[in-house]
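Chains V and C supply the protein sequences, listed in that same order. Taking the numbering used here, the leading residue of the first sequence gets 3, the next gets one more, and so forth. Taking the numbering used here, the leading residue of the second sequence gets 3, the next gets one more, and so forth.
Hints are not guaranteed to be accurate.
Which copy is meant is left open, so a pair is good if it fits within one copy or across any two.
Derived pair list, reagent style BS3-like, types lysine-lysine, alpha-carbon separation capped at 30 Å [what the hints assert, rightly or not]:
{"id": "1", "residue 1": "Lys244", "residue 2": "Lys203"}
{"id": "2", "residue 1": "Lys45", "residue 2": "Lys244"}
{"id": "3", "residue 1": "Lys258", "residue 2": "Lys45"}
{"id": "4", "residue 1": "Lys203", "residue 2": "Lys271"}
{"id": "5", "residue 1": "Lys258", "residue 2": "Lys78"}
{"id": "6", "residue 1": "Lys203", "residue 2": "Lys78"}
{"id": "7", "residue 1": "Lys213", "residue 2": "Lys248"}
{"id": "8", "residue 1": "Lys234", "residue 2": "Lys78"}
{"id": "9", "residue 1": "Lys258", "residue 2": "Lys213"}
{"id": "10", "residue 1": "Lys234", "residue 2": "Lys6"}
{"id": "11", "residue 1": "Lys45", "residue 2": "Lys213"}
{"id": "12", "residue 1": "Lys45", "residue 2": "Lys203"}
{"id": "13", "residue 1": "Lys271", "residue 2": "Lys258"}
{"id": "14", "residue 1": "Lys258", "residue 2": "Lys203"}
{"id": "15", "residue 1": "Lys271", "residue 2": "Lys248"}
Derived from the structure by calculation, the hints contain no laboratory data.
Protein chains: 2
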Amino acid sequence: MTAKNRSETVVGFIGIGVMGKSMALNLLNGGYPIHLYNRTKEKARELLDQGCTWQDSPAAVAAAADVVITMIGSPKDVEAVYLSADGVLASARPGTIAIDMTTSSPQLAQRIYRQARDLHISALDAPVSGGDIGARQGTLSIMVGGDLEAFEQALPLFEIMGENIVYQGPAGSGQHCKMANQIAVASTMIGVCESLRYAEKAGLDPQTVLKSIAAGAAGSWTLSNLAPRMIKGDFGPGFYVKHFIKDMNIALESCKEIGLDARGLALAKELYDRIAADGGEYLGTHALYQQY
Amino acid sequence: MTAKNRSETVVGFIGIGVMGKSMALNLLNGGYPIHLYNRTKEKARELLDQGCTWQDSPAAVAAAADVVITMIGSPKDVEAVYLSADGVLASARPGTIAIDMTTSSPQLAQRIYRQARDLHISALDAPVSGGDIGARQGTLSIMVGGDLEAFEQALPLFEIMGENIVYQGPAGSGQHCKMANQIAVASTMIGVCESLRYAEKAGLDPQTVLKSIAAGAAGSWTLSNLAPRMIKGDFGPGFYVKHFIKDMNIALESCKEIGLDARGLALAKELYDRIAADGGEYLGTHALYQQY
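Throw the hints in and build the complete structure from the sequences for me.
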């Protein structure tokens, strides 16, 4: 990507889910022409009505774009979209920046980076946190791995989509950082669920307990934001159990690779697998409360 | 305790440790005459120099006081100080308010409450969080169980020692609330340690990772306040491993009683027992990082 005006920098966007839709819309409103592809075209309708251009495949998006952004489901999808014969790397021009914002495998990010580099394409891994609200409001936390130079070139786009944008290091580092995030979330969620259920079973009023403990050493984002919903019995997402299990599987795989015995994470995974087995894949992650 | 001026309300204080000393000093500076007892008299020297009155036993403190406050080591100590033949309940006048601010067993608090009630003594359980800094600055969170009327009578004293003062319900509820606090802390600490160690082993800079994750869904008091000390390798207390193990033992006992399978708590207890076995009882709780 050479230095151009926004209106001359074509952004390819692949994956128009809840997150991707808001992110692409923010980029469009920020002045970037958007070419997009989504497995289900119908989900892209609103963006197309607003002036985005449809392309029939990831390859076609890549061929048209200066920067390609992907926000898709799983590492398997990421692998196919980037590395298959009609994928992004096969069609992108040299000089393209390819940014995977999916939460995906660090090892896959490194593999894509290396193959991209051989084609003079700069691959960044840039997963996010902040959920659908963060995506809509452009306040995501974006954790970026890859070459620093490519990070700096992509920064104007990141700044439209997010607020807390941090370069974490070489390829895979964005994904590793997101895994560190999910690992902290996993056991914190266990602590909050056990704490609240304890309070309830001990005959206390959980709301009153929150008044005592939420601001002190037991405090967490989960306790402040999800505990009130647990207490109300509102287990809608938020963040899907299904997606959290996907992330924990990646994290556990990665722990094995780097030699970390993360027993809290393993326990969380076991408990969440039970939620899924009980049919709760599309509940919010705080549905863990029901397992206690 | 009848309505009196502060200077006419004698406060008996038993247990002049790091916490108790600051709490007693704040009450003294707040205008209350303090009669005190401590197992090791030397540790009370500073308070005696400032005008507190020494008594030779818990019973003597109780006999002299309108309100008795205890801040001692373990449930066993609490039991002895309250229920033994020369303990608080044997000597306190009817109408006395007896407040145990030790983190102790909810079941013991209920037992003391019942025996006290038969003697027309009002027992409150009122454990705290906020550590030595909170004790010194009078900003403790105080979680109170017992009769509401006694709570209201004791409130002026609580307001000198703390800031976030919450009545949690009948006898034992203060201790139960503190257990809920420690249960949340236990697994949150696991999550933070696993997250940071993962980041480190993955080759990231943990400080940079904190920039990405501390303000989002992975955020916690532990991540913001203890992770920087873990990264620096500074494992001094803070809160002693030894005391946290004591609290977790009480919590696990209480979980058994109320029928909660708190596996995160059990895992934390197992990991902390290892720290103790390695000679780390007097490290801070964030020394859990070293177990990963």
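Verification of the supplied hints:
| no. | hint | in the structure |
| --- | --- | --- |
| 1 | Lys244 - Lys203 | both (28 Å within a copy, 27 Å between copies) |
| 2 | Lys45 - Lys244 | within (20 Å within a copy, 56 Å between copies) |
| 3 | Lys258 - Lys45 | neither (37 Å within a copy, 50 Å between copies) |
| 4 | Lys203 - Lys271 | both (24 Å within a copy, 21 Å between copies) |
| 5 | Lys258 - Lys78 | within (19 Å within a copy, 43 Å between copies) |
| 6 | Lys203 - Lys78 | between (43 Å within a copy, 25 Å between copies) |
| 7 | Lys213 - Lys248 | between (34 Å within a copy, 24 Å between copies) |
| 8 | Lys234 - Lys78 | neither (37 Å within a copy, 38 Å between copies) |
| 9 | Lys258 - Lys213 | between (39 Å within a copy, 25 Å between copies) |
| 10 | Lys234 - Lys6 | neither (51 Å within a copy, 43 Å between copies) |
| 11 | Lys45 - Lys213 | neither (42 Å within a copy, 34 Å between copies) |
| 12 | Lys45 - Lys203 | neither (45 Å within a copy, 40 Å between copies) |
| 13 | Lys271 - Lys258 | both (14 Å within a copy, 24 Å between copies) |
| 14 | Lys258 - Lys203 | between (37 Å within a copy, 11 Å between copies) |
| 15 | Lys271 - Lys248 | both (10 Å within a copy, 28 Å between copies) |
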